[in-house]
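Asker: Next come the chains, spelled out residue by residue.
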Amino acid sequence: MSVIDVQGLTKHYGEVRAVDGLDLQVEAGEFFGVLGPNGAGKTTTLECIEGIRQPDSGTISVFGESPWPRNTGLVRRIGVQHQATAFFEMLTAREQLEVFADLYAAPRARAGALLEEVGLGDFANHQTKKLSGGQQQRLSIAAALVHEPEMVFLDEPSAALDPQARRNLWDLLKGVNGDGRTVVLTTHYMDEAEYLCDRVAIIDHGKILAVDTPANLVRGLDAPTRITLPDTAIGREDAERLVGGEAVSVDNGSLTMTTRDPAPVLVALAERDALTGLQVRGATLEDVFLNLTGRELRA
Amino acid sequence: MTGFRALAAAQLKAFTRDRMLIFWTILFPLMFLVLFGGIFTGGDSANRVKVTQVGQVALFDQMPPAARAEIDKVIELDRVDDLGTAMDRVRKGERAGAIAMQGGTVTLYYSAADQVKAGIVRGTFDSIVNGANIAISGQPPALTLKAEQVEDRSLKAIQYVTPGLLAWAVSMGAVFGGALTLVMWRKSGLLRRLRLSPVSTSALVLSRSLITIILALLQLVIFLGVGMLAFGLRLSGSWWAAVPLLILGSLAFQAIGLVVGAVSKTEEAASGMANLVVMPMAFLSGSFIPLDSAPDWLRTVSNFLPMGHLNKGMSAVMVRGEGPAAILVPSLVLIGFTVVFSLLAARLFRWEE
Numbered sequence: 001m002s003v004i005d006v007q008g009l010t011k012h013y014g015e016v017r018a019v020d021g022l023d024l025q026v027e028a029g030e031f032f033g034v035l036g037p038n039g040a041g042k043t044t045t046l047e048c049i050e051g052i053r054q055p056d057s058g059t060i061s062v063f064g065e066s067p068w069p070r071n072t073g074l075v076r077r078i079g080v081q082h083q084a085t086a087f088f089e090m091l092t093a094r095e096q097l098e099v100f101a102d103l104y105a106a107p108r109a110r111a112g113a114l115l116e117e118v119g120l121g122d123f124a125n126h127q128t129k130k131l132s133g134g135q136q137q138r139l140s141i142a143a144a145l146v147h148e149p150e151m152v153f154l155d156e157p158s159a160a161l162d163p164q165a166r167r168n169l170w171d172l173l174k175g176v177n178g179d180g181r182t183v184v185l186t187t188h189y190m191d192e193a194e195y196l197c198d199r200v201a202i203i204d205h206g207k208i209l210a211v212d213t214p215a216n217l218v219r220g221l222d223a224p225t226r227i228t229l230p231d232t233a234i235g236r237e238d239a240e241r242l243v244g245g246e247a248v249s250v251d252n253g254s255l256t257m258t259t260r261d262p263a264p265v266l267v268a269l270a271e272r273d274a275l276t277g278l279q280v281r282g283a284t285l286e287d288v289f290l291n292l293t294g295r296e297l298r299a
Numbered sequence: 001m002t003g004f005r006a007l008a009a010a011q012l013k014a015f016t017r018d019r020m021l022i023f024w025t026i027l028f029p030l031m032f033l034v035l036f037g038g039i040f041t042g043g044d045s046a047n048r049v050k051v052t053q054v055g056q057v058a059l060f061d062q063m064p065p066a067a068r069a070e071i072d073k074v075i076e077l078d079r080v081d082d083l084g085t086a087m088d089r090v091r092k093g094e095r096a097g098a099i100a101m102q103g104g105t106v107t108l109y110y111s112a113a114d115q116v117k118a119g120i121v122r123g124t125f126d127s128i129v130n131g132a133n134i135a136i137s138g139q140p141p142a143l144t145l146k147a148e149q150v151e152d153r154s155l156k157a158i159q160y161v162t163p164g165l166l167a168w169a170v171s172m173g174a175v176f177g178g179a180l181t182l183v184m185w186r187k188s189g190l191l192r193r194l195r196l197s198p199v200s201t202s203a204l205v206l207s208r209s210l211i212t213i214i215l216a217l218l219q220l221v222i223f224l225g226v227g228m229l230a231f232g233l234r235l236s237g238s239w240w241a242a243v244p245l246l247i248l249g250s251l252a253f254q255a256i257g258l259v260v261g262a263v264s265k266t267e268e269a270a271s272g273m274a275n276l277v278v279m280p281m282a283f284l285s286g287s288f289i290p291l292d293s294a295p296d297w298l299r300t301v302s303n304f305l306p307m308g309h310l311n312k313g314m315s316a317v318m319v320r321g322e323g324p325a326a327i328l329v330p331s332l333v334l335i336g337f338t339v340v341f342s343l344l345a346a347r348l349f350r351w352e353e
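So the protein sequences, as listed, match chains F and X. If you're matching positions, the first sequence starts at 1 in my numbering and goes up one per residue. If you're matching positions, the second sequence starts at 1 in my numbering and goes up one per residue.
Be aware that a few hints might be false.
Unchecked claim - One side only, chain F facing chain X, incomplete, derived with CB under 10 angstroms:
| no. | residue |
| --- | --- |
| 1 | 50 |
| 2 | 73 |
| 3 | 85 |
| 4 | 90 |
| 5 | 100 |
| 6 | 105 |
| 7 | 153 |
Hints in this document: simulated from the structure, not taken from any laboratory. It should be emphasised that the depicted structure is a prediction, and the values quoted were computed from it without experimental measurement. For each residue, glycine too, the CB sits at the ideal point set by N, CA and C.
Excised from the complex, chain F in its bound form:
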């Protein structure tokens, strides 16, 4: 049974149609990604499901209940991290988590362990306002987990993080999902969705364009493979002989060959002993998005 079932969700802000007849099902224990560019309607969809926005039309059920109007029974079972972090003034990182634990009548003991998990162990006694943006983001995620919710909503959790912190966060989120929790995540990072999500919904202009596992989405694309190597490794004419003229491009010291049949090309490159610095890249969700919408995701 789906733990989240959204049917025909519509939400307008004035003239702008943020969400436009959206259907969505999330299964128990799933790591579900909502992927789309800024302004696609990801956040609005999430907020409607969480119960802090009233849909104009459509039905939403979370654990079989309606989240609107405010359902205090339901909010105990979900944990939420928003893009804008919000804390009590004048409290330390640990105190914030303890207050949130108290609000849910959950044990405070979890606060310390969670701070370690999100990498804030050394900052437990720091005033929240003195933490960096990324640290506040991680504290906000910890605050969403402190009452051990069955379902967690994360709205662009890695937005303010540096690459290393993103990696750590991914490990943390894998663990959160591994404990059997359902996780719903919005992101506009392809790699994040590919790495974390069991299924991904690609959304644009408030509509769902495709829902599937990242692998299926990419496979369905039947996209060519790109082989990139330093332009000193192989001459341009040589490369054009291998894959055909239009399929070769040289850019900034790199030469890229695009082909639907990579095996013979790789063999030929191996024969020329030109494998140093070689990169082979198949299609990504980026290409899926490009294919579905005709434009770049980050544009």
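Based on these hints, arrange chain X on the given structure of chain F.
Answerer: Just chain X now, kept in the frame of chain F:
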């Protein structure tokens, strides 16, 4: 009432750590008490009327020392020999009057610019001259006037000033606390986050109320402490009745603050509007200047203001020596304001912008 204790504890911690808050809610109003207390109780000499005598004035010069000492309590006398200089001083307001005597005629020169001082010197010298006439006649007076003050004999300016300033300080703390907390929490997104936790709205309001009451009691203790130790404030018998009255007052003003917070989008707007509510009300309610000599319309206006009732009740039990029953009407009025503004705040309340 899920979340009450957690929210109260969080706000209490924040309150004790916020130095600006402590300054604005406690030290700032206390400065006014010190200022007003200092001005109005700066020794009795400030209240004596200054009069210059011109040359010889037998009325004073030949007075028995005991009678002279009595007069020195109300009049500070100095002497010049030239009438012109003396009149000049009166004209400039440096002296309340100048007194000259020629034969049996005592002449008092006064300025009409200050009606109050003019009245005082005229009345005083009228009675001095009458007293001297009676003494000269050698007859015992047929009628004597004995004046008794109705309040505690110790009544000084600090007595009037303390209840009003305390009421103002408590009102200000409650309005600002209610309004700014609401705006800050809404603006930062904390309210939206709390909306997704099981806290009840009553826990939100009541946890804030607890902080408001604690602040009011803290203000009471500090004001009474400074008033009594530094300025000789003396409380009358039922002063303890001011405690429940002050708590009701703080809740009424918190409710007003919550309405202000509900309609304000930014902290700046909220504190502007809170000032707009509190400052004129403090003047109209006699928090700074007693309304005893105010025009009737002003006293009528103060009857419609919560701070007017709070002031009245506070000074009744704290310094005017009235019994605890004196807080009954003010209490009911404050409860009424609390109910009305709480309902209004509940209607206007928004979890987010």
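Asker: Work down the list of hints and note, for each, if the structure agrees.
Answerer: Hints and how they fare:
no.	hint	verdict
1	50	6 angstroms, holds
2	73	8 angstroms, holds
3	85	8 angstroms, holds
4	90	4 angstroms, holds
5	100	7 angstroms, holds
6	105	7 angstroms, holds
7	153	9 angstroms, holds
Checked against the numbered hints listed earlier, the structure breaks none of them; every hint is satisfied.
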